[in-house]
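Student: Starting from the known structure of chain A, arrange chain B with the ligands on it as the hints suggest.
In order, the protein sequences belong to chains A and B. Following the numbering used here, the numbering of the first sequence begins with 11 at its first residue and continues without gaps. Following the numbering used here, the numbering of the second sequence begins with 11 at its first residue and continues without gaps.
Just so you know, these hints were derived from the structure itself, not from any lab. Bear in mind that the values here come from a model prediction, so they are computed numbers and not experimental data. You may find that some hints are simply not true.
All copies of an identical chain are treated as equivalent in the list; a pair is satisfied when it fits inside any one copy or across any two copies.
Said to hold, decoys possible - Keeping only pairs whose Cα atoms sit at most 25 Å apart, straight-line, the calculated DMTMM-like set for lysine to aspartate or glutamate is: (1) 116 to 284; (2) 132 to 98; (3) 327 to 284; (4) 327 to 265; (5) 275 to 213; (6) 132 to 17; (7) 275 to 219.
2 protein chains.
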Amino acid sequence: QPEATVDSAEAAEFIRRVHTDQPGLGPAEPRLAEVAAEIAATGTYTHTPAELTHGARLAWRNASRCIGRLYWKSLVVRDRRHVTGADEIFSEVVDHLRTAGDRDRKVIRPVITIFAPAGPRKPYARIWNEQLVRYAGYRRPDGSVLGDPRYVDFTTAMAERGWQGKREAFDVLPVVVQTPGDGVRVFDLPDDAVWEVPLAHPDLPWFGDLNLRWHAVPAISNMRLSIGGVNYPLAPFNGWYLGTEIGGRNLADADRYNLLPLIAKLMGLDTGTERSLWRDRALIELNRAVLWSFDRAGARISDHHTESRHFITHCAKEEKAGRVVPADWTWIVPPVSGGITPVFHRYYAEIDQRPNFYLDEDAR
Amino acid sequence: QPEATVDSAEAAEFIRRVHTDQPGLGPAEPRLAEVAAEIAATGTYTHTPAELTHGARLAWRNASRCIGRLYWKSLVVRDRRHVTGADEIFSEVVDHLRTAGDRDRKVIRPVITIFAPAGPRKPYARIWNEQLVRYAGYRRPDGSVLGDPRYVDFTTAMAERGWQGKREAFDVLPVVVQTPGDGVRVFDLPDDAVWEVPLAHPDLPWFGDLNLRWHAVPAISNMRLSIGGVNYPLAPFNGWYLGTEIGGRNLADADRYNLLPLIAKLMGLDTGTERSLWRDRALIELNRAVLWSFDRAGARISDHHTESRHFITHCAKEEKAGRVVPADWTWIVPPVSGGITPVFHRYYAEIDQRPNFYLDEDAR
Ligand code: HEM
Ligand code: HEM
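One chain only, chain A, in its complex shape (with noise of 0.2 Å):
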């Protein structure tokens, strides 16, 4: 797609608080008039690495979604705006997934990874999945669902491009990197690249025959970077799971892996009334399985009464610098018992501020 001209007033205001965020870098002044001439001359202009480092924090800083925003000052920055070969770019979201999920030293570290930007008349680089790792889905003949029907579509589109998963409920998806110069490919991902944490549960045996699992780290790969005007297209990013994504949504939804029905079944709830609340017991012990299972593999994961009282804490400390926190609170407040949350009891203030991330229509 072509790209307009960056926008010169969002260009010198980033500047500006990049400036004021870090005094070390010195007065704005010459940096801004380097900026304003190379718009003038080209259209766009480039960041320097403190200028990407700094911005990309400043958009995880301003994710009114996200929970986690605490540790937006730990983001591990990955520049690779000279990559552009579909071979290149797979190998370093390989290097990403390694570094962000360190089986071996059993760390989780919050990563991104910076392709080249979009540019005036410039074509760029793209990656389809919406996550890095994800799970196949495979509808059968009586219209049910193996795997995560979720990605049905997208793995139909993967098996016409040749690609074969192994028919399994926890199949990891190929990654689909799209270049200018290299067209659509599909690569596999290296096991040792992707870190996945068989489930059980701390007091129902039958839990672990069960075999589920999850991956440790979630990193979202269709997601446009915005930092002072110039765009990011591609620029996955990751930090650690709050639980109840795993457990209150991915295998909980009823469009997705649905399995309350079954552990309230194995449970020996009564499924028969609402009144029993079997929805609910079931699903709180599914999320205790996930923690318990992250925990005894070492890969941390939040839980929502630990993180929400850490937003808390980061809207406190945000405040106390004269900063307005964004934040959306149908995506703050968890989904499982959000009311005894201390998120749930408060307001926030629905802006759009940038540097941010943004999520475009015509992302796969």
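Tutor: Below, chain B with the ligands alone, put in the same frame as chain A:
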């Protein structure tokens, strides 16, 4: 407070809607002329009983925070516009509660009692209580609270007016009626007007020994009803409870009865770590106890799964009738297990449609 002249456009729009919705009333034009003349002469106009009834039902239908709107046509409207003395108002309030919660026939009905409207330069009556039935809160010397912490200030104000509570955990507060003629008057509700349900648990025998209870009829008494430009500052209304209002908020919130730590301890849960999800497990058992106890007492109560489905049905019906359903996601999604209710997984129109209910700044 002095009230401005009624907005003629809003009045006319409302009259047209009533005549469209109820063709039996005949063409709107004659009534429109009548209303316009009355506003011109007096600054306001008087609703016919049919307008009042339909207007109150539309106000419910437009209440964007209410999940219970499938039943909007069933609202029982008690026209008490002629009642203005404090004793008479209180007596009507008592009748309202008896009609709304009929203990002998085990019926809870949605009811609204509409007292005199505000008019230009006409002072009006109000009730100070948020709800007709609520429990007192007494601060102990050590700072802790016996009863409902939300009503400590209200309880103190009552004590200053000479009211004496039993100093128990569930003392029903008196009703404060303020009228232009009688000033501020404090009334104790007769026992037979307050249906209360003692709480026990289907599986946990010790639960009943906690001596918890809750009232069966939630009747909001501090919202202004606005119909076709006319304001009714005193129009208490009730539905039946959604279980999570009691088990997920009133008895669970840290700044209300805060019962989760106690219940978790009695359940033998590990409260030393959030990872045991002890809060969530105690929350679910508390909510089971509420539903089970209300069922046992024959007091109608909804569970959040069923009521969410009913709300989705309501949305579908309204959309079929060509109407938008104004709804506030943050209020519609229940505070317990939000993500597994169908109301979680969609967006709503956040618009303010009249007739409606409003909470005034100066409502006590
Ligand atoms: C460090 C641990 C982190 C935690 C616990 C965390 C938690 C979450 C959660 C629970 C959500 C909602 C997800 C959903 O409901 O689908 C979310 C969304 C989001 N987070 Fe974070 N996050 C973390 C790190 C990060 C990082 C490193 C970034 C970017 C640099 C980030 C940016 C975002 C964005 C942009 C969204 C919105 C995604 C969308 O619109 O679909 N988060 N986060
Ligand atoms: C019939 C059964 C009903 C159910 C199950 C129901 C359920 C609810 C629930 C769960 C809430 C949120 C309460 C909270 O979180 O504090 C609510 C709010 C509300 N409901 Fe209903 N409701 C019912 C009947 C009614 C009736 C009869 C009316 C009016 C005629 C009404 C008008 C409202 C209004 C105005 C609010 C917002 C209150 C506020 O802003 O504090 N509801 N309802």
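Student: For residue 327 vs residue 284, is the C-alpha pair at or below 25 Å within one copy, between two copies, both, or neither?
Tutor: Cα proximity of residue 327 and residue 284: across copies only (23 Å, versus 42 Å in one copy).
Student: Within a copy, between copies, both or neither: where do residue 132 and residue 17 come within 25 Å Cα-Cα?
Tutor: Answer is within; shortest intra-copy Cα gap is 17 Å, inter-copy 57 Å.
Student: Given a CA cutoff of 25 Å, do residue 327 and residue 265 count as a within-copy pair, a between-copy pair, both, or neither?
Tutor: between (38 Å within a copy, 23 Å between copies)
Student: Pop the pair residue 275 and residue 213 into one bin, within, between, both or neither, using alpha-carbon distances up to 25 Å.
Tutor: This pair counts as both: shortest intra-copy Cα distance 16 Å, inter-copy 18 Å.
Student: Pop the pair residue 132 and residue 98 into one bin, within, between, both or neither, using alpha-carbon distances up to 25 Å.
Tutor: Within one copy, since 19 Å is at most 25 Å while 78 Å is not.
Student: Treating 25 Å as the Cα threshold, decide for residue 275 and residue 219: within, between, both or neither.
Tutor: within (14 Å within a copy, 30 Å between copies)
Student: For residue 116 vs residue 284, is the C-alpha pair at or below 25 Å within one copy, between two copies, both, or neither?
Tutor: Between copies only: 21 Å across chains, 41 Å inside a chain, cut-off 25 Å.
Comparing the model with each earlier hint shows no violations; every hint is respected.
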